[in-house]
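Taking the hints into account, I'd like the entire structure generated from these sequences.
Number of protein chains: 2
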Amino acid sequence: MKIQELDTPALVIDLDRVESNLAKMADYCRRHDLNLRPHTKTHKMPALAKKQVEHGASGITVAKLGEAEIMIEAGLDHLLVAYPIVGRAKADRLAALCERAEMTVALDSFESAGFVAESTRNRGVKAGILVEVDVGFRRCGLQDDQAALRLAERILDYRSLEFRGFLFYPGSYVTQETEEEHFSQVNASLERLLESFRKRGIAVGIVSGGSTPTARFSHRFSGLTEIRPGTYIFNDRNTALHGAASLDDCAATVLVTVVSKAVPGKVIVDGASKTFSSDPCLAGSTGFGVIREDPDAVFVAMNEEHGHLDISRSVRNYSIGEKLTIIPNHICATVNLHNEVFFARGQSVESTCPVAARGKIR
Amino acid sequence: MKIQELDTPALVIDLDRVESNLAKMADYCRRHDLNLRPHTKTHKMPALAKKQVEHGASGITVAKLGEAEIMIEAGLDHLLVAYPIVGRAKADRLAALCERAEMTVALDSFESAGFVAESTRNRGVKAGILVEVDVGFRRCGLQDDQAALRLAERILDYRSLEFRGFLFYPGSYVTQETEEEHFSQVNASLERLLESFRKRGIAVGIVSGGSTPTARFSHRFSGLTEIRPGTYIFNDRNTALHGAASLDDCAATVLVTVVSKAVPGKVIVDGASKTFSSDPCLAGSTGFGVIREDPDAVFVAMNEEHGHLDISRSVRNYSIGEKLTIIPNHICATVNLHNEVFFARGQSVESTCPVAARGKIR
Chain A
32 MKIQELDTPA
42 LVIDLDRVES
52 NLAKMADYCR
62 RHDLNLRPHT
72 KTHKMPALAK
82 KQVEHGASGI
92 TVAKLGEAEI
102 MIEAGLDHLL
112 VAYPIVGRAK
122 ADRLAALCER
132 AEMTVALDSF
142 ESAGFVAEST
152 RNRGVKAGIL
162 VEVDVGFRRC
172 GLQDDQAALR
182 LAERILDYRS
192 LEFRGFLFYP
202 GSYVTQETEE
212 EHFSQVNASL
222 ERLLESFRKR
232 GIAVGIVSGG
242 STPTARFSHR
252 FSGLTEIRPG
262 TYIFNDRNTA
272 LHGAASLDDC
282 AATVLVTVVS
292 KAVPGKVIVD
302 GASKTFSSDP
312 CLAGSTGFGV
322 IREDPDAVFV
332 AMNEEHGHLD
342 ISRSVRNYSI
352 GEKLTIIPNH
362 ICATVNLHNE
372 VFFARGQSVE
382 STCPVAARGK
392 IR
Chain B
32 MKIQELDTPA
42 LVIDLDRVES
52 NLAKMADYCR
62 RHDLNLRPHT
72 KTHKMPALAK
82 KQVEHGASGI
92 TVAKLGEAEI
102 MIEAGLDHLL
112 VAYPIVGRAK
122 ADRLAALCER
132 AEMTVALDSF
142 ESAGFVAEST
152 RNRGVKAGIL
162 VEVDVGFRRC
172 GLQDDQAALR
182 LAERILDYRS
192 LEFRGFLFYP
202 GSYVTQETEE
212 EHFSQVNASL
222 ERLLESFRKR
232 GIAVGIVSGG
242 STPTARFSHR
252 FSGLTEIRPG
262 TYIFNDRNTA
272 LHGAASLDDC
282 AATVLVTVVS
292 KAVPGKVIVD
302 GASKTFSSDP
312 CLAGSTGFGV
322 IREDPDAVFV
332 AMNEEHGHLD
342 ISRSVRNYSI
352 GEKLTIIPNH
362 ICATVNLHNE
372 VFFARGQSVE
382 STCPVAARGK
392 IR
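Order-wise, the sequence lines are chains A and B. According to the numbering used here, the first sequence is numbered sequentially starting from 32. According to the numbering used here, the second sequence is numbered sequentially starting from 32.
One or more hints might be untrue.
Since copy identity is lost for identical chains, a pair holds within one copy or between any two.
[Stated by the list, open to error] The calculated lysine-lysine pairs, modelled on BS3-like cross-linking and capped at a C-alpha distance of 30 Å, are: (1) LYS157 with LYS292; (2) LYS82 with LYS33; (3) LYS292 with LYS230; (4) LYS157 with LYS354; (5) LYS292 with LYS354; (6) LYS55 with LYS82; (7) LYS33 with LYS81.
In case anyone wonders, no lab produced these hints; they're calculated from the structure.
Structure (structure tokens):
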């Protein structure tokens, strides 16, 4: 089947572009001697996680245990849960997974460490722990080296926990203007941390940072051993606008159909916030995606199922029933709305794939 | 099980509040002699659609055929597809549904009418048609009475189509300041339409308008016979801020857990854009929801799985592991992210219910 024959809206994954994106990141990591542990929240599909491992990933990252369960069921066996495990129910699920895969979890509180320690001890398993530190993003993460030391020492006290190092989220986009300041600030934090741990004689095996927007700068972080980019497998309008990829590197697009052109200056397409998410453009631009067939059309507004394209500055002729290709602002949020995707090469659809970990928010 | 014992994030539906919301809308419609054809895109659950019919709805509305298929499979039998059917594949699916239920579809183009006419004729069935007109929202809908007349006459020519009347979307929120202008503008359009059809001798059985935000004003639309509110079954922060309901009428809330408080002035909860959607607050306010337990906390930012609460103006003590109740900005987009919901009365969870039509975007 050809892509143009798909019923719409349909999320189409270009496998040639996926493989090129995976190869580029693996090459960067090899050149800079960094482990690659891609965040699979972007695609939520075990088939693509396996492709990442084939392309040199040393394991995968997930946010939620529900995602981990799906990935382990499919055979993935080295997982980092980059999200604090809180509560008995979740700690018990994590401990059960420790019997089936090599598990590491990031956390930033005595409470979370206590939950994980109790459940792993009860089950007779061990969990690897990264202490999350904040280097400026202000989300999770301990605020200074002393707080990190106190938590690491508590973790070292628990026999069912193994302290492995630090995790941080390097923050959002780095621009040329903010680049020097960003690295000097983050590196000052990292160096202070590493020095404090060295003085106290605590070995730090892993320093895990690095997202897609900052990935290409990762070798400039002090002491970094591993990166966790997610979006790079597909890329999207935001990564392209921020210079982390080109629009041509975007491997995931949504095929939509023009369903109405009754209102002058507009066409309505059959995908909107329930197909693309409402995530805005983060790069100072507006709109909800790029229309590959018409750079002069603006994806200007969305209701739930009605996508509004402003074509007032376009000379293209639109007809009801024709299909268009849209690159979303934020592909992670887009994938999470779809029950399945269509894998393609060139113009041919090869197969469909369920988004197995979609909606696994627990 | 008690609500507080649910693992999080969990979308909890308060059935007492649902039934009160349904009863109020049914009562309004009875008083004003309006048919009620609720839009089920809000909940996507056949069990709740049936509850709406029990509360006096004369049928239901859907946006996409995938939703219609789920609802018909569950026994619903009077459906309006308030979305233009375009393309052979979709027209064939619609025709198949005409064998199983009483189907009406809204459209605004000769092309869409042609697709539906051909598929229904081939299958030997009839579809009811509403011509969509634009009364100012500028989304779908023909622009004037003459264009509507031309399309209605074409529809009357097709033996497998039955022209039933008009559909319009009354637009977003009406405020006290814009109320008079809004109704005089919309009513001028509607009256012109009805007069043109009367003169041409074409009977108009249905004039379908009315959304949740405008529902309480529906009796002021000229010639209106039916309303299609969706959100009213649950309500949300947006409907409350616009005065269409109170916060206490909000029947759908998300239970979340505090997972980090490492950053001063903040707590992080375990639900964010993949749990609530990124839909903004439409009422000139900011943030992504209301925290029932703490009116001084602001749901200030979201990543995919990290919800950021700004507690810098709150005196409440937060502890890691405690559960909080959040009223989302936009409940339709929220429900569409969840694989299942939890039905509750008071503090007790009665059952879980799959969101059967979730992700049915085609």
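Review point. At most 30 Å between C-alpha atoms: does LYS292 with LYS230 qualify within a copy, between copies, both, or neither?
Key: between (69 Å within a copy, 27 Å between copies)
Exercise for review: With 30 Å as the alpha-carbon cut-off, assign the pair LYS292 and LYS354 to within, between, both or neither.
Suggested key: This pair counts as within: shortest intra-copy Cα distance 14 Å, inter-copy 47 Å.
Review point. At most 30 Å between C-alpha atoms: does LYS157 with LYS354 qualify within a copy, between copies, both, or neither?
Key: between (52 Å within a copy, 28 Å between copies)
Practice item. Have a look at LYS157 and LYS292 and pick one of within, between, both or neither, based on CA distance no larger than 30 Å. Key: Classified as between: cross-chain Cα gap 26 Å, same-chain 60 Å, threshold 30 Å.
Check your understanding: Is it within, between, both, or neither for LYS33 and LYS81, if the alpha carbons may be no more than 30 Å apart?
Key -> within (26 Å within a copy, 40 Å between copies)
Point to revise | Alpha-carbon proximity between LYS55 and LYS82, which holds within one copy, between copies, both or neither at 30 Å | key: within (14 Å within a copy, 54 Å between copies)
Check your understanding: Between the shortest in-copy and the shortest cross-copy C-alpha distance, which are at most 30 Å for LYS82 and LYS33: within, between, both, or neither?
Key -> within (24 Å within a copy, 42 Å between copies)
Checked against the numbered hints listed earlier, the structure breaks none of them; every hint is satisfied.
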